[in-house]
Amino acid sequence: METQFLFPYRYKRIGWFILIPFFALSLAYSITGQVYDLPFLTFTFQEEQNPSLFQEDSFLFSLHKENFTNEVLGIGLLVGLILTAFSKEKIEDERIRHLRLESLLWAVYCNPLLILVAIIFIYGGLFMTVMTYSMFTPLIFFILRFNWLLWKEKKQSIQILI
Amino acid sequence: MEREKAVYPNTDIMKNTIRIERAIKNITQAELADLVKVSRQTINAIESNKYIPSAVLALKIAKIFEKKVEDIFSLEEKDWQ
Numbered sequence: 001m002e003t004q005f006l007f008p009y010r011y012k013r014i015g016w017f018i019l020i021p022f023f024a025l026s027l028a029y030s031i032t033g034q035v036y037d038l039p040f041l042t043f044t045f046q047e048e049q050n051p052s053l054f055q056e057d058s059f060l061f062s063l064h065k066e067n068f069t070n071e072v073l074g075i076g077l078l079v080g081l082i083l084t085a086f087s088k089e090k091i092e093d094e095r096i097r098h099l100r101l102e103s104l105l106w107a108v109y110c111n112p113l114l115i116l117v118a119i120i121f122i123y124g125g126l127f128m129t130v131m132t133y134s135m136f137t138p139l140i141f142f143i144l145r146f147n148w149l150l151w152k153e154k155k156q157s158i159q160i161l162i
Numbered sequence: 001m002e003r004e005k006a007v008y009p010n011t012d013i014m015k016n017t018i019r020i021e022r023a024i025k026n027i028t029q030a031e032l033a034d035l036v037k038v039s040r041q042t043i044n045a046i047e048s049n050k051y052i053p054s055a056v057l058a059l060k061i062a063k064i065f066e067k068k069v070e071d072i073f074s075l076e077e078k079d080w081q
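Protein sequences, first through last, are from chains A and W. Residues 1 to 162 (this note's numbering) make up the first sequence, in order. Residues 1 to 81 (this note's numbering) make up the second sequence, in order.
Hints were generated in silico from the structure; no laboratory data involved. One or more hints might be untrue.
Said to hold, decoys possible - Quick partial rundown of chain A residues pointing at chain W, CB under 8 Å, derived from the structure:
1) Glu71
2) Glu94
3) Glu153
To be verified - Pair ranges (Cβ atoms, derived):
4) A/Leu116 x W/Ile24: 21 to 29 Å
5) W/Gln81 x A/Ile115: 51 to 59 Å
6) A/Phe5 x W/Asp34: 23 to 31 Å
7) A/Arg97 x W/Ile20: 25 to 33 Å
Quick reminder that beta carbons are idealized off the backbone N, C-alpha and C, glycines included.
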């Protein structure tokens with residue numbers, strides 16, 4: 001497996017710096033019942049032809065307000081996940097490539113299984129929420145599994161060190 | 001032939017004598033890793049029979065120890081399954 005599509009090693013740290021705050025913020029955004037929207041991220045658009053449900057009619061033209069907090073959070077989370085997941089390790093050798101491939105397979109295995117469970121047991125608005133989570137869970141699973149494998153190996157190698 | 005089950009955790013896949021060869025040549029895992037350009041964890045994983053090296057890596061290791069590949073790595077029954 002060639003590693004030409006991976007970011008250089010230094011991007012891993014950048015990825016973590018982006019990922020951790022955005023992950024915390026996104027979690028807070030989704031878990032709190034009330035969605036908080038940052039006021040400065042609200043923009044108004046002028047709708048000319050199709051009136052939407054959120055129409056605020058004034059006499060002459062219709063305005064449509066859209067808040068971009070969730071978009072910003074989603075973009076930040078995804079960028080952080082991509083940078084963290086797909087950066088090279090410090091030393092890229094064949095064992096790391098093998099572990100990465102295995103972790104990817106594992107993550108892609110787990111996600112549909114989780115969706116299956118969600119389809120059977122979760123309904124309504126909560127199901128939609130879970131489906132939005134499933135946009136991010138493959139990468140999250142991969143990061144968790146890959147780093148766990150590396151940590152486990154590191155721990156064992158310290159014990160067996162001659 | 002008796003197998004040394006006490007030393008290595010997994011003896012059913014390909015065995016290797018890298019640890020012995022390293023002792024003969026008196027180099028550490030880190031030094032061997034630098035010579036073949038892999039990480040030290042990889043050498044450790046190969047010695048512990050947790051990872052089977054690629055053909056290229058096996059040939060490199062054999063060359064470092066100035067032996068043939070078959071003298072260092074040996075197939076086991078489970079490899080045939």
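Find the hints from earlier in the document that the structure breaks and name them by number, from lowest to highest. 1, 4 and 5
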